[in-house]
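Visitor: Here the structure of chain A is known, so what remains is to put chain B in place on it, guided by the hints.
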Amino acid sequence: MDLVAIWSGLIGLAIILYVVLDGFGLGIGLLFRSTRNEEERDTMMESIAPVWDANQTWLVFGGGGVFVAFPMIYGVVFSALYIPLLTIVFGLIFRGVAFEFRAHAARKDPWNKAFFLGSLVAVIAQGLTLGGVLSGTKVVENRFAGGPFDWLNPFSVTLALALIAGYILLGSAYLIIKTTETVQEWAYARAHRAAWIVLAFQILVTIWTPFHYPSALSNWFSPPRIYFIWIFPLIGLFAFYELIISLKKRREFLPFIFSVVFFFAGYLGLIASIYPYVVPPSITFQQAAAQQETLSFTLWGVIIVLPLVLGYTVYSYMVFRGKVGTEHYY
Amino acid sequence: MDVLLLSRIQFAVTTMFHILFPVLTIGLAFYLAVVEFLWLVTKQEIYYRMYRFWVKIFAINFGVGVVSGVVLEFEFGTNFANFSQAVSNVFSPFLAFEILTAFFLEAGFLGLMLFGWERVHRSIHFLATCLVSLGAIISAFWILAANSWMQTPAGYKLVDGKFMVTDFSAAIFSPSLFARMSHMTMASFETSALVVAGISAYYLLKGSHPAFFRRSLGIALVMAALFVPLQVYLGDVSGRQVFHHQPTKLAALEAHWETNTTGGAPFAVIAFPDMETEKNLFAIDVPNGLSLLVTHSFRGKVLGLKEFPKKDRPDVPVLFWSFRLMVAIGFIFFFVMIWAAVLWWRGRLYESRLFLNTLWIVHPLGFLATEFGWITNEVGRQPWLVYNLMRTSEGVSPIPTGNVIWSLSLFLIIFAVIGASYFYYVLKTLRMGPDLSSPIPPIQRAAGMQPLKAK
Numbered sequence: 001m002d003l004v005a006i007w008s009g010l011i012g013l014a015i016i017l018y019v020v021l022d023g024f025g026l027g028i029g030l031l032f033r034s035t036r037n038e039e040e041r042d043t044m045m046e047s048i049a050p051v052w053d054a055n056q057t058w059l060v061f062g063g064g065g066v067f068v069a070f071p072m073i074y075g076v077v078f079s080a081l082y083i084p085l086l087t088i089v090f091g092l093i094f095r096g097v098a099f100e101f102r103a104h105a106a107r108k109d110p111w112n113k114a115f116f117l118g119s120l121v122a123v124i125a126q127g128l129t130l131g132g133v134l135s136g137t138k139v140v141e142n143r144f145a146g147g148p149f150d151w152l153n154p155f156s157v158t159l160a161l162a163l164i165a166g167y168i169l170l171g172s173a174y175l176i177i178k179t180t181e182t183v184q185e186w187a188y189a190r191a192h193r194a195a196w197i198v199l200a201f202q203i204l205v206t207i208w209t210p211f212h213y214p215s216a217l218s219n220w221f222s223p224p225r226i227y228f229i230w231i232f233p234l235i236g237l238f239a240f241y242e243l244i245i246s247l248k249k250r251r252e253f254l255p256f257i258f259s260v261v262f263f264f265a266g267y268l269g270l271i272a273s274i275y276p277y278v279v280p281p282s283i284t285f286q287q288a289a290a291q292q293e294t295l296s297f298t299l300w301g302v303i304i305v306l307p308l309v310l311g312y313t314v315y316s317y318m319v320f321r322g323k324v325g326t327e328h329y330y
Numbered sequence: 331m332d333v334l335l336l337s338r339i340q341f342a343v344t345t346m347f348h349i350l351f352p353v354l355t356i357g358l359a360f361y362l363a364v365v366e367f368l369w370l371v372t373k374q375e376i377y378y379r380m381y382r383f384w385v386k387i388f389a390i391n392f393g394v395g396v397v398s399g400v401v402l403e404f405e406f407g408t409n410f411a412n413f414s415q416a417v418s419n420v421f422s423p424f425l426a427f428e429i430l431t432a433f434f435l436e437a438g439f440l441g442l443m444l445f446g447w448e449r450v451h452r453s454i455h456f457l458a459t460c461l462v463s464l465g466a467i468i469s470a471f472w473i474l475a476a477n478s479w480m481q482t483p484a485g486y487k488l489v490d491g492k493f494m495v496t497d498f499s500a501a502i503f504s505p506s507l508f509a510r511m512s513h514m515t516m517a518s519f520e521t522s523a524l525v526v527a528g529i530s531a532y533y534l535l536k537g538s539h540p541a542f543f544r545r546s547l548g549i550a551l552v553m554a555a556l557f558v559p560l561q562v563y564l565g566d567v568s569g570r571q572v573f574h575h576q577p578t579k580l581a582a583l584e585a586h587w588e589t590n591t592t593g594g595a596p597f598a599v600i601a602f603p604d605m606e607t608e609k610n611l612f613a614i615d616v617p618n619g620l621s622l623l624v625t626h627s628f629r630g631k632v633l634g635l636k637e638f639p640k641k642d643r644p645d646v647p648v649l650f651w652s653f654r655l656m657v658a659i660g661f662i663f664f665f666v667m668i669w670a671a672v673l674w675w676r677g678r679l680y681e682s683r684l685f686l687n688t689l690w691i692v693h694p695l696g697f698l699a700t701e702f703g704w705i706t707n708e709v710g711r712q713p714w715l716v717y718n719l720m721r722t723s724e725g726v727s728p729i730p731t732g733n734v735i736w737s738l739s740l741f742l743i744i745f746a747v748i749g750a751s752y753f754y755y756v757l758k759t760l761r762m763g764p765d766l767s768s769p770i771p772p773i774q775r776a777a778g779m780q781p782l783k784a785k
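Top to bottom, those sequences are chains A and B.
Per my numbering, the very first residue in the first sequence carries number 1; after that it's consecutive.
Per my numbering, the very first residue in the second sequence carries number 331; after that it's consecutive.
Since the hints were derived computationally from the structure, they do not count as laboratory data.
Among the clues, some could well be false.
Simulated coverage check for chain A against chain B, where a stretch passes if three residues somewhere in it have a Cβ under 8 Å from a Cβ of chain B [as the list claims (entries may be wrong)]:
1) 62-71
2) 134-145
3) 308-315
A short, non-exhaustive set of chain A residues, derived as facing chain B with CB atoms under 10 Å [unchecked claim]:
4) 52
5) 106
6) 319
In this text, all values refer to a predicted model and were calculated from it rather than measured experimentally.
Quick reminder that beta carbons are idealized off the backbone N, C-alpha and C, glycines included.
Here chain A stands alone, though its shape is the one from the complex (with noise of 0.2 Å):
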């Protein structure tokens, strides 16, 4: 196997990672509003004070993969995505600051304001983030050449709004398998809500995309793809379904699975759509890979490190399993 190959997968899994396990810290940051019990937003900020840390450094992580895979996207990307790539980090230092924070205010409001209102911007940024990536790059001799806005379309906003919905749906989920009593309640309804938003959102995306890349229509009903790209919307009305029903049913861990599979059944059939528009359309993988010294070494260091790190995060979420609120941390 090739290592541009890999390394393309190895970005991909850090990114599914990040938006699943961020994408449920970032949804409780959203859901902070929700109540005005004080008790009851300790409790959400508990279920995630342990782990936020980590699962933010996936992102980080995914940035540095393609720094060292793809330097030349990283380079056009990160010039013409500066305004919306700048301001998750500016949404992500409130989220980030608020834990600590908030835990040794004696006025907690300011810092509840910084915790929901870091998330939304940063959850925001990142649907426009996409939105830019996925609506293509201008590029002149290998260098950005576009304007400083050219992410901001109507797709890239309802891509964002998108991300609002799908990251309430797995703070919810995620809420559920951690707390009990009231706040497990809303948060059921709150999951029940947000999981017929996202479904109204994958149907208007998958309308919308070929009238956005008219390339999209002919590459459903074309060789390779009219194989297989059928099968992300089938899986997605299943993973809808099944979130449903459980639900209704009151399981505690099925709707979070559920919920990540019908969620990435959108966003893989969106990019399986479109591929390989993804980025500056012009410029393949492999034109804009690295050097195979920089690829191969680096790799090495990612096979050697990459499972001890995944063996001490799934670690850490078996300490802190079960319900949060029977201790207090600060």
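Guide: This is chain B only, laid out in the frame that chain A set:
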């Protein structure tokens, strides 16, 4: 104001804000590991209480350090895309390894360290503290390896303006890495030891929790007594390393214009260097001092700034003064440590109010010295991004000025808010003082796998 200047200001603002936090993270994590080790070995409760007190400061500090650090990983691409594209083959693995071997390690075990008391065995908790401490040091290693490569590039060949790797171990262990790594790590240990010592001295002056803060101060001073003299030596190592590998930088930070041909080069204690007329308008010199410092001989030849084209020289006054202020702080600490040794010898370490007051006054100076050190390091690298190979002006992103004005303004506002809040909550935590009464968590099963309810 153009994109280049604004991007440089933004990178300077974000790194100078960020570095304040890792300095304390690295040193305080080490202090906490020592304290927890003492608790496990001696079983004295006071060490547990010390851990729980100082870890609160550590946690607040760590949080701000993480979020301000993420900024930097983005800025290589957003603001210096041309640099990133040119050097990535050599440079990007440093960042990837930092994320893999340090960020994940710190983040993964920080949760256990802060919230794991009720869930894991004490030995596992101690392991978590050690791993967070190790992660902080590994992080420093990779980022300093990256910086050292920019200062003293090695293990590459240039092909059409792009850096290609020829030898990774040469690139990682570039000529200035050892000096920079040891100097920075020691700066963190030293700064943190002095912070703990200064805060403890303040409490002793107030007379609150004397037993607790005597012990805190004692451990911090033992560490500082080891680190401070060692740092003076490592500073000398760093200086000679600059002399050998970056002669322009050395000449600039010493305001040394003319190569000495007949006798030794003088060391200017104070000078007002003027870059236009290429001389010092006023100077107090120590004859042969510079030759003695960097070549360890009275007549050693030290190249003057005039040997190098004007366009290749960094800003002399900034370097001259930032370097001297850093060194001055190092020596203030050195003399405070000698004083501490004398007091200890006479058995009056905790009684001398003058000494405790001095500790309280000098304790934040380590942060200042770190900033001056980084200014010396980075301004001294100019006008190069990759020393002698790629100019800073060649590395900037092709973006409009407005982008950087927007982000720089936001950074300034956000850092002001976050910085002020940080101080407020740290001071609040300090005012509350140590908790000496809440029960010590019972010893947990080794794996810590039992669900909470079953306890």
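Visitor: Mind taking a look at whether chain B covers the region 62-71 of chain A? Criterion is 3 or more residues with CB to CB distance under 8 Å.
Guide: Coverage by chain B holds here, the residue count being 6 at a Cβ distance below 8 Å.
Visitor: Regarding the hint that residue 52 of chain A lies at the interface with chain B, is the smallest CB-CB distance below 10 Å?
Guide: Check passed: Cβ of residue 52 of chain A comes within 9 Å of chain B, closer than 10 Å.
Visitor: Under a C-beta cut-off of less than 8 Å, do 3 or more residues of the region 134-145 of chain A approach chain B closely enough to confirm the stated coverage?
Guide: n = 4 at 8 Å, threshold three: holds.
Visitor: For the region 308-315 of chain A, do three or more residues have a beta carbon lying closer than 8 Å to a beta carbon of chain B?
Guide: holds (count 3)
Visitor: Using the nearest Cβ pair, does residue 319 of chain A come within less than 10 Å of chain B?
Guide: holds, 5 Å
Visitor: Per the CB criterion, is residue 106 of chain A less than 10 Å away from chain B?
Guide: holds, 8 Å
Hint compliance for this structure: every hint is met.
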